[in-house]
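Student: Residue strings, one per chain:
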Amino acid sequence: MLKDITFGQYYESRSLIHRTDPRLKTVLLIALIVFIFLAKNALSMGLSVLFVLSVMAVSKVPVKLYLKNMKAILPVLIFTGIINLFYGEGETLVSFWKLEITTGGIYRAVFMMVRITLLIFLSSALTYTTTPNDLTDAIESLLSPLRFVGLKSAVHTLAMMMTIALRFIPTLIEEAEKIMNAQKARGADLENGKLTERVKALIPILIPLLISSVRRAYELAEAMECRCYNGGEGRTRMKQMHIKPRDFAVLAVCAVVCGGIITLNIMF
Amino acid sequence: MDSIISVRNVTYEYREEETVYAAVKDLSLEIERGSFTVILGHNGSGKSTLAKMLNGLNKPTSGDVLVDGINTKDESTEIEVKRKVGMVFQNPDNQIIASIVEEDVAFGPENLGLEPSEIRRRVDNALKAVDMYDFRESTPHRLSGGQKQRIAIAGIMAMEPECLVLDEPTAMLDPKGRAEIISTLHRLNSDKGITIVLITHYMEEAENADRVIVMNDGKIIADNVPKVIFSDVKTLKSVGLDVPQTAELLYSLKENGFPVDTHALSVKEAAAEIIKAMRSEE
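Chains as they are written, first to last, in the working numbering: chain A, 1 to 268; chain B, 1 to 282.
Bear in mind the hints are in silico, worked out from the structure with no lab data behind them. Take these hints with a grain of salt, some might be off.
[Claimed, not checked] Okay, derived cross-link-like pairs now, DMTMM-like style, lysine to aspartate or glutamate, Cα gap no bigger than 25 Å in a straight line: (1) Lys-59(B) to Glu-219(A); (2) Lys-176(B) to Glu-174(A); (3) Lys-128(B) to Glu-160(B); (4) Lys-244(A) to Glu-137(B); (5) Lys-152(A) to Glu-78(B); (6) Lys-59(B) to Glu-222(A); (7) Lys-60(A) to Glu-137(B); (8) Lys-152(A) to Glu-115(B); (9) Lys-52(B) to Glu-225(A); (10) Lys-52(B) to Glu-219(A); (11) Lys-59(B) to Glu-174(A).
Could you put the whole structure together from the sequences, leaning on the hints where they help?
Tutor: Rendered as structure tokens:
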């Protein structure tokens, strides 16, 4: 049951998006989200939609997976749409009590929903095409300028914590499963009963899990000490990230799209 | 004797509130460079405490541990000591840091601040030495216990230590995994000249060692070549250790008046010994 949970959502493939430098992908994601939110007319929004759809196509990740992520935020999407319906000017179409739906409101609602959808698709494109490890390295590398303000060890610690957390997720899932089976063998009922009863039944699983995690952490710390770990100071990395020509091509395409959005905004 | 590790009159005490408990008592020991030493003892004999003192993880309460002449108590040379004496623990899951095999093996050399190309070279060599090179891009949690433990050994080997201390590295493994680890250790010892100190309570793992040390209650009670140690069935049993079946058989035969040499260790040698004794009876 627990084995079905996969952490991170990496989808194995060798597409252009997969091979793009993870640091570049992360930065471009942030930049593109900003520009998508800047798109204010049908043409610039149309360009954004077209771009995101082509990213999805190039990534070679099945559309089904993108839609799966969409499902989770559907309530938020609908809620945002409804709220936005009532904000806006223009011709009143329907009015009841103090609220009225205007043409401007509909326009706003549709735009907001499209923006959020694009945002989800684009962030999924990053997580589907980048392994959690690469993502951690990218974050560490992107945050590294913080060392100039005396936060070097904080950045390293954060990255190390993420690495260890990723490494231990499958181990702890396996352990939780073992403990659950052990409790079931002793007659624990984890699936039936009221919500409060089921929550209570979880306590005998969480406590052993917590204790064993602390013990593991202690042993891991000793093992790290034996491997000369001394914090981030003076540490080097085996895998160096290099910007390759194709990364510049990806950057250029994104820059053109961003420029296009702004141009269409101004001209129409 | 050229010693890589010298343990001199070392005592180690655990303090729990008011009570003081000595796990290692006034123990002295020299580990010869390039040797394969096995330390045997049942749970609570002080063998793990001793192991953790060999690379400075535990500092002796009194006495000194010298690694290549460096005192482990000296904090300025702490990294130097850990670089010379690598340590492998019982549970491979709690020693592996990264989610990709080669990245985990690279962790030690990365901490030493080496050049990326040098780290790459060491990682490849270490993985080849434990015969896990083909798995370099796998994720550790999909590997078997024996394979994971070999990755943990590679992680230490990548720091190019002179000595490897292993604290019950096979305790959590199945027989196949245990055999893999023991043969890997013998290969590292004979091919690369790495000094091995193997701590275990499995008697059969000591069979091919150069030297066997038996510990009980924080002290060394026997220190000799495997053949001599194993023929001393009475001492081994008195400290709660299992004796190899062949030794036990020869021992009872001798007790009952058969003229057998109890030093025979392997099944083949023991069989030859028994046949010889039976012939002489006729």
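Student: Next, verify each hint and record whether it holds.
Tutor: Hint-by-hint comparison with the structure:
1. Lys-59(B) to Glu-219(A): holds (17 Å)
2. Lys-176(B) to Glu-174(A): Holds: Lys-176(B) and Glu-174(A) sit about 22 Å apart, inside 25 Å.
3. Lys-128(B) to Glu-160(B): Holds - the C-alpha atoms of Glu-160(B) and Lys-128(B) are around 13 Å apart, at most 25 Å.
4. Lys-244(A) to Glu-137(B): Distance ~22 Å between Lys-244(A) and Glu-137(B) Cα, so the pair holds.
5. Lys-152(A) to Glu-78(B): holds (23 Å)
6. Lys-59(B) to Glu-222(A): Judged against 25 Å, a Cα distance of about 14 Å means the pair holds.
7. Lys-60(A) to Glu-137(B): Judged against 25 Å, a Cα distance of about 22 Å means the pair holds.
8. Lys-152(A) to Glu-115(B): holds (20 Å)
9. Lys-52(B) to Glu-225(A): The given pair, whose Cα atoms are some 12 Å apart, holds under the 25 Å limit.
10. Lys-52(B) to Glu-219(A): holds (12 Å)
11. Lys-59(B) to Glu-174(A): Outside the cut-off at roughly 35 Å; violated.
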